[in-house]
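*Asks:* Residue strings, one per chain:
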Amino acid sequence: EDQVTQSPEALRLQEGESSSLNCSYTVSGLRGLFWYRQDPGKGPEFLFTLYSAGEEKEKERLKATLTKKESFLHITAPKPEDSATYLCAVQVGGNEKLTFGTGTRLTIIP
Amino acid sequence: GAGVSQSPSNKVTEKGKDVELRCDPISGHTALYWYRQRLGQGLEFLIYFQGNSAPDKSGLPSDRFSAERTGESVSTLTIQRTQQEDSAVYLCASSLRAAGKKLFFGSGTQLSVL
Numbered sequence: 002e003d004q005v006t007q008s009p010e011a012l013r014l015q016e017g018e019s020s021s022l023n024c025s026y027t028v029s030g031l032r033g034l035f036w037y038r039q040d041p042g043k044g045p046e047f048l049f050t051l052y053s054a055g056e057e058k059e060k061e062r063l064k065a066t067l068t069k070k071e072s073f074l075h076i077t078a079p080k081p082e083d084s085a086t087y088l089c090a091v092q093v094g095g096n097e098k099l100t101f102g103t104g105t106r107l108t109i110i111p
Numbered sequence: 071g072a073g074v075s076q077s078p079s080n081k082v083t084e085k086g087k088d089v090e091l092r093c094d095p096i097s098g099h100t101a102l103y104w105y106r107q108r109l110g111q112g113l114e115f116l117i118y119f120q121g122n123s124a125p126d127k128s129g130l131p132s133d134r135f136s137a138e139r140t141g142e143s144v145s146t147l148t149i150q151r152t153q154q155e156d157s158a159v160y161l162c163a164s165s166l167r168a169a170g171k172k173l174f175f176g177s178g179t180q181l182s183v184l
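Read top to bottom, the protein sequences are chains A and B. Numbers in our numbering are just positions in the first sequence, counted from 1, shifted up by 1. Numbers in our numbering are just positions in the second sequence, counted from 1, shifted up by 70.
Quick caveat, the hints were computed from the structure, so don't treat them as lab data. Do not take every clue at face value.
Below, simulated EDC-like cross-link-like pairs (lysine to aspartate or glutamate); rule was C-alpha separation at most 20 Å, straight line [said to hold, decoys possible]:
1. K43(A) - E114(B)
2. K171(B) - E59(A)
3. K172(B) - E18(A)
Pulled out of the complex, with its shape left as it was, chain A reads as follows (with noise of 0.2 Å):
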C-alpha cells in the first residue's frame, strides 16, 4: 500500500530562523510529488511539483526537492504569512488520484 509520512506534525520558528519539513514516501512507481499549502478554513493550495530525483523548485522562500525516497520543503528566513499547513501528496502509476499525508503545521513567530 502507498504511504505517505510527514513529519515533523507540527513545527514552530521564529521569524527568519531557517528549517526544512520532510515528506517521506513508499510506493511502487512514482508519477509525481507535490505540496500544497492550506491555511484554516481553507481549501488547499498548490506549491510545486516534483517529477524525478534530483529535481528542485523555489518559490520566494520555499525550495522543494526530492530524492528516491523522500522530498525536503526548505523555508528559508520565514515571515509569520508563512504559517499554514503544508501537505505532501504522491501520484503513483496509473492512478489519477493523489495520496497525501497528515502535513505539517507551521507556525512562525513574530
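Model the placement of chain B on the given structure of chain A, informed by the hints.
*Replies:* Chain B alone, transformed into the frame defined by chain A:
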C-alpha cells in the same frame, strides 16, 4: 467563476438524514475530484471524474456515498443515512487534464452529523 465554488460551506444534519453537497469547478477544467478531510487526518480520496469517462469510484467508503457530474460542469456528492463518522470537511478540486495534477481546491463543506 474565479475559483472552485462549494456549497453549502457548513451543513449540520441529524444522524440518518441524507445530505447533498455541491461543487462548481473552474470553467474548462475537465477533471474533478472529491476528497474528505477528517480532523487531524490527511485528505482521503473519494472519487474522480474526467470528462465523459467512467468515474473512478474506488475511494467511496460505502454504498451510502455517491456522486454525479453532468458533463464538465457541476458535481454533487450525496451521503445517504448519514452517520456520525461522516462528520468531516468535504473538499472538491478541479484541474486541467494535462496540468500535472495542479489541483485547484474549493474551501470545502464542513459537515457535522449530530
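*Asks:* Each of the hints needs a verdict: does it hold here or not?
*Replies:* Comparing the hints with the structure gives:
With a C-alpha separation of about 16 Å, the suggested pair K43(A) and E114(B) falls inside the 20 Å cut-off, and the hint holds. Of the supplied pair hints, the one linking K171(B) and E59(A) holds, its CA atoms being roughly 18 Å apart against a limit of 20 Å. At most 20 Å may separate the alpha-carbon atoms for a hinted pair to count; K172(B) and E18(A) exceed this at roughly 29 Å.
Checked against the numbered hints above, the structure violates only hint 3.
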